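> Chains as they are written, first to last, in full-length UniProt numbering: chain A, 1 to 274; chain B, 1 to 274; chain C, 1 to 274; chain D, 1 to 274.
There are no misleading hints in this set.
Put simply, identical chains are the same to the list, so a pair is met inside one copy or across any two.
Below are the SDA-like pairs computed for lysine to any residue, each with C-alpha atoms no more than 20 Å apart in a straight line:
{"no.": "1", "residue 1": "Lys-175", "residue 2": "His-138"}
{"no.": "2", "residue 1": "Lys-170", "residue 2": "His-152"}
{"no.": "3", "residue 1": "Lys-15", "residue 2": "Lys-270"}
{"no.": "4", "residue 1": "Lys-191", "residue 2": "Asn-18"}
{"no.": "5", "residue 1": "Lys-175", "residue 2": "Val-200"}
{"no.": "6", "residue 1": "Lys-271", "residue 2": "Asp-247"}
{"no.": "7", "residue 1": "Lys-191", "residue 2": "Ala-163"}
{"no.": "8", "residue 1": "Lys-22", "residue 2": "Thr-133"}
{"no.": "9", "residue 1": "Lys-22", "residue 2": "His-189"}
{"no.": "10", "residue 1": "Lys-248", "residue 2": "Lys-270"}
No wet-lab data here; the hints were simulated from the structure.
Just so we're clear, the structure is a prediction, and the values are computed from it rather than from any experiment.
4 protein chains.
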Amino acid sequence: MFNSSINIVKRTIRKRPNNSHKGTFGKVCIIGGNQNFGGAAIMASKACVYSGAGLTTTFTDPVNLDSLHNIIPEAMFVDYHDDNKLKSMINSFDVILIGPGLGNDDYSLSLVNQVFQQINNHQILIIDGSAITIVANHHLTLPDANIIFTPHQMEWQRLSDIAIPDQNDKNNQNKVNALHSTVVLKSHHTKVYSNNHIWVNPGGTPAQATGGMGDTLAGMIAGFTAQFANTEDAVISAVFAHSFIADKLAKNQYVVLPTQISDHIPQFMKKFEN
Amino acid sequence: MFNSSINIVKRTIRKRPNNSHKGTFGKVCIIGGNQNFGGAAIMASKACVYSGAGLTTTFTDPVNLDSLHNIIPEAMFVDYHDDNKLKSMINSFDVILIGPGLGNDDYSLSLVNQVFQQINNHQILIIDGSAITIVANHHLTLPDANIIFTPHQMEWQRLSDIAIPDQNDKNNQNKVNALHSTVVLKSHHTKVYSNNHIWVNPGGTPAQATGGMGDTLAGMIAGFTAQFANTEDAVISAVFAHSFIADKLAKNQYVVLPTQISDHIPQFMKKFEN
Amino acid sequence: MFNSSINIVKRTIRKRPNNSHKGTFGKVCIIGGNQNFGGAAIMASKACVYSGAGLTTTFTDPVNLDSLHNIIPEAMFVDYHDDNKLKSMINSFDVILIGPGLGNDDYSLSLVNQVFQQINNHQILIIDGSAITIVANHHLTLPDANIIFTPHQMEWQRLSDIAIPDQNDKNNQNKVNALHSTVVLKSHHTKVYSNNHIWVNPGGTPAQATGGMGDTLAGMIAGFTAQFANTEDAVISAVFAHSFIADKLAKNQYVVLPTQISDHIPQFMKKFEN
Amino acid sequence: MFNSSINIVKRTIRKRPNNSHKGTFGKVCIIGGNQNFGGAAIMASKACVYSGAGLTTTFTDPVNLDSLHNIIPEAMFVDYHDDNKLKSMINSFDVILIGPGLGNDDYSLSLVNQVFQQINNHQILIIDGSAITIVANHHLTLPDANIIFTPHQMEWQRLSDIAIPDQNDKNNQNKVNALHSTVVLKSHHTKVYSNNHIWVNPGGTPAQATGGMGDTLAGMIAGFTAQFANTEDAVISAVFAHSFIADKLAKNQYVVLPTQISDHIPQFMKKFEN
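This is chain A alone, in the form it adopts within the complex (with noise of 0.2 Å):
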C-alpha cells in the first residue's frame, strides 16, 4: 500500500519544465475566513503557496488582511463582501476552494451560491469545512465542474446521509458515484474515493489531531491540483504528502502543528520529484 502510494506520488510531482513561469503552474482562488475563523483561510491559503501553486488569490474578510500578508505575503488579497471582483474574477482561476473558516450563516450560503452559479466545467473545486455543510442543509445542486469533497466523518454524514458506523466502502462509494465527485473522507486513515477507485493513506498520526489541520491538506490539495495534471493522482498526492511530513514531525512532537506541516512541503516534493 506504501510503495504503490509512493509510485503515484513519483508519478504526480514531475520535474518541472525550464521554460516555465508561474502561470504554467495554476491560478488558485480560496474563499473562506469570516470574522471568527481567518486563521483557517490563511493556514489553506499558506499550504497552497508552499505546495508551489503559480498564483494565489484568498477572498476573505477584511479583517483578515493583515494576518494574511504577515503569514503568507505571496497571496493576493479581495474582500470577499466585493461582489464584481468575485464575478469578474472566477473564471480566472484553475482551482477554487471554498469552505476553510467560511462559517455557517446567510454569507456563507451565497458566497457558495454564487461560485455554483459561476463555475465551469473546466475548473477544479474543493468544497471544504463549513461549506460541505452548506451544501448538505441546502441540499444545493451541484455545478458542472470538477469538484472535491474534503470532508470528516460527522461532514460526510451530512453530505451523504450515511450515518457514520454505515460509513463503509460500498455505502460510500456508491454516494460518491452518484455525486459525481472525488472525496477525501478524513479519519485515522484517510480514504479518496474516486470514480470506482478507493485509495487508502498509508500514513497519519494522532498528533495530527488538532485545529487547522484540515485547512491546511485543503490547501494543499488545492495546490497540487492546480499544478498537475492528474487531478485523482494529485489528490491523492497531497493527502499522502500531509501525513507524510505529519509523521516525520511526530517523530520528535507530541503534537504537530498545521502550519509547520506547509513548512515542509518544498522539501517533501523535492524528495519524491521524478
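Go by the hints and put chains B, C and D onto chain A.
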C-alpha cells in the same frame, strides 16, 4: 522530588490513541486580552495550542484579532464583547481559562461574572492574573466547577488574606481546602496545592522572571487539563514542563522568553510520552 | 558566462568602508501595495532592506502598515495618499521603485505621474509590474532620470510593442536604446539590456515560478543600485544574486518562496564581497 | 581596550539571584512610534525585552498595536494619546526611553514635555532619536533625573552646538559635564561620555549601517539600565553587546539586521554572565 515528579509527568502524557480526532483532545476557551494587554491572551493561546489541545478559541478585544491570527492561526477568535456568543458557546468547552491580560475594569468584572453564572460542574475553570484580583476584590462566590487558581504571591495574598510572610504550607493548605480549588502558587519553586496534597516544583530559573511567563503557564495548564483525565496530575505536569523547558533554555540564555517555551512544548511532551 | 558574471558581482559588492553610516548606503523609496496586492510592496521592501540599503521608506495603502512593520520593521511607512509627503520627500531619495502591487486604476496612474513630474536626473527610477503597464497603456513620456524597467515578457510586449515571438536581442536592443533605459527582461534566463550591451543571466530555476518572485527582484535591484556606484553592474549583480540564491535553495525545495530569497541575501553578499 | 571592556561587561551582567521575580529586573517604559516610524518603537521594545527587563510597556500610536504584539507579545501597549495613563503610570517605571520613531511634530514635543514635567530623580531617562532633536530645537530645560542621551553625530551637533568636525573629546566632555548627563555618541567607534570619564567601544562594523540599528541600541540600554545598579557600566555593557553581536553576525553577513541583534542578546548575556 525530581524523580517523583517525572513519574507524574510520565503517567500523565500518554501515547495518543490511533483512533482519535481533534475532539478527543479537548476544547479550550481563553478569555482575556484587553486593549493594553493583548499579548498576554495571545501567549496563553499559543501555549495552549502547542500543548496539544484539540481546539482553542480565544475571546478577546477585537484589536487583538490580527496578532492572535499571526502568532497562532490555529486558534479561533471571538470578540469578547459578544454576549450572545459567550452565552451560547461557554458550555461547549471542556476548559475555560479566564484572566490573561483581562485587566481590572468593570467590563473585566462582568466577564468573570458571566462565566461564573454559566459554567457547570463538568467544566474546568482556570482563574489567572487579574481575574484572581477581581475575585478577591469583589468577594465573588465561586461557581460549582473544577477550579484552578494560578496566583503569584501578591495575588494569593489578595485572594487568601494571608500576607506573603505568612504564606506557609499550613496556612495555604487550609485556605485551599476552604476554596475547594487547586492552587498553583507561583514563586521561585512553584507549589501546587490541591485537596490535602502539596507538590513542589523541583525546577525553575530566574531567567524566567519576565513578563508573559505566567500567561504562558496558564495556557499550558489549560492545554494539559483539556487532554488528560487526572486534573491534578495534568496541572503538575504543566508546571513541571514549563520550568523544565526554561531550565534547559537557560543554559544558553540569560533570559528566557515566554514564547520560546511554547515552541518547545511538543518536543518536551514527546520525550516524556509513555 | 558564469565566470564573467561572477566578476561583475565581485567588482560590485565591495567591502564596506569602516567610516560609514546608514546614509552612505542610500535612501530608497518604494511605492506600491494597494488594498489587494500589499504583499508585493512588503516583499520588495524586505528584499531592499536585506540587500543593505541604508534607509527604506515604503509608500503604500494604510491597510498594509501592520504587515509592513511585522515583516520588515526596519522599513518606514508613508500613506501613499499623502500627496504632500510624497512631494516633499521624493527628491530626498537616491532610488525610487514604483510598481510592486501598485495596481492599474486611476490612483495608480496618478502616482506614476506624480513621480514622473518630480523626479530629477540624479535619481534612479525603477519601474516594475503594473507601473510598466501604466506607462505602456497611457503612452507616458519618460522623465529625465536613470530609468530601469523590470518587465516580464508580456509587460515588455506592452511597453515595446514587440510581440513575444519577436522579442529577439536585436529588436529588444533597438527599443531599449530608444527608451534610454536599462531593461531587465525576466524569463527562464533573464537578460539585462542597457546601452548597447546585453547580459544573460546564467542561472535561474523553475522553482522560482511563483507569485512575488518579481517583487523581490525589484526590491533587490533597488537595494543594490542604492549602494553601488555603477548602476548597470548593480542591476546585473542583483539579478545574479536573486537566481543564484534560488538555485541553491532549489536543490532541496520544489518551490522557492520569494521571502526565503530575501533571508539569504546578506550571506550571499558577504560571500562575494571583495 | 577590549579586555577592560570585557571586565566592565562581566562585572555588570551578574548571575541572577534565585529568589527573584519579574519586578526584580525593572520596569521600562518606551515612548515612540508615530504613524510613520512605528517599526522604531517596536524594535526598541524587542531589544529591551530580549535584554531581560522585567516588564516593558510601550506607549505608541494605536496603528502600531498589532505589530508590537506580533513582534514582541511580551510587551504591553498604551496609546500614547492617553494623557491620563501617561500621568498615572509614568512614575511607576524604573527607566523611561523616549524617542525611537517619535517624530518631530507638536505632539512629539508635548510628550517630551509631559515626561520632563513628571519624571523624578530616582528614574532613568533615555533620550533618543527625534527626542534629542526636540530638546535641542526647543532649548528644553532638562529635568532632574538620571539622563542618558544617545545621539548620532548630527543629533549631537544639534544638542551640543559643537559642529561635527569639532566633536573632539575635550569639547564633548565639557558639554557632557554641563548637561549632567551620560552621552552615547554613536559613530564608527561609539563613545560613552559620563562624568569625566570616556569609554570607547572597541567593536562595531559597517554592516550595522542600516535603519533601526540605533533604535535597537536604545532599547538595549533601557533593558540593561533597568536591571543593573551601576548605570554607567550598564550603558557601556549595552553598547558593547550591541556591536559585539553585530561583529559576530557580520562574519557571515554583508548587512546585519537590527532585529537579528535582539535575537542574540540572551545568548550574549549568558556567555558574559559572572
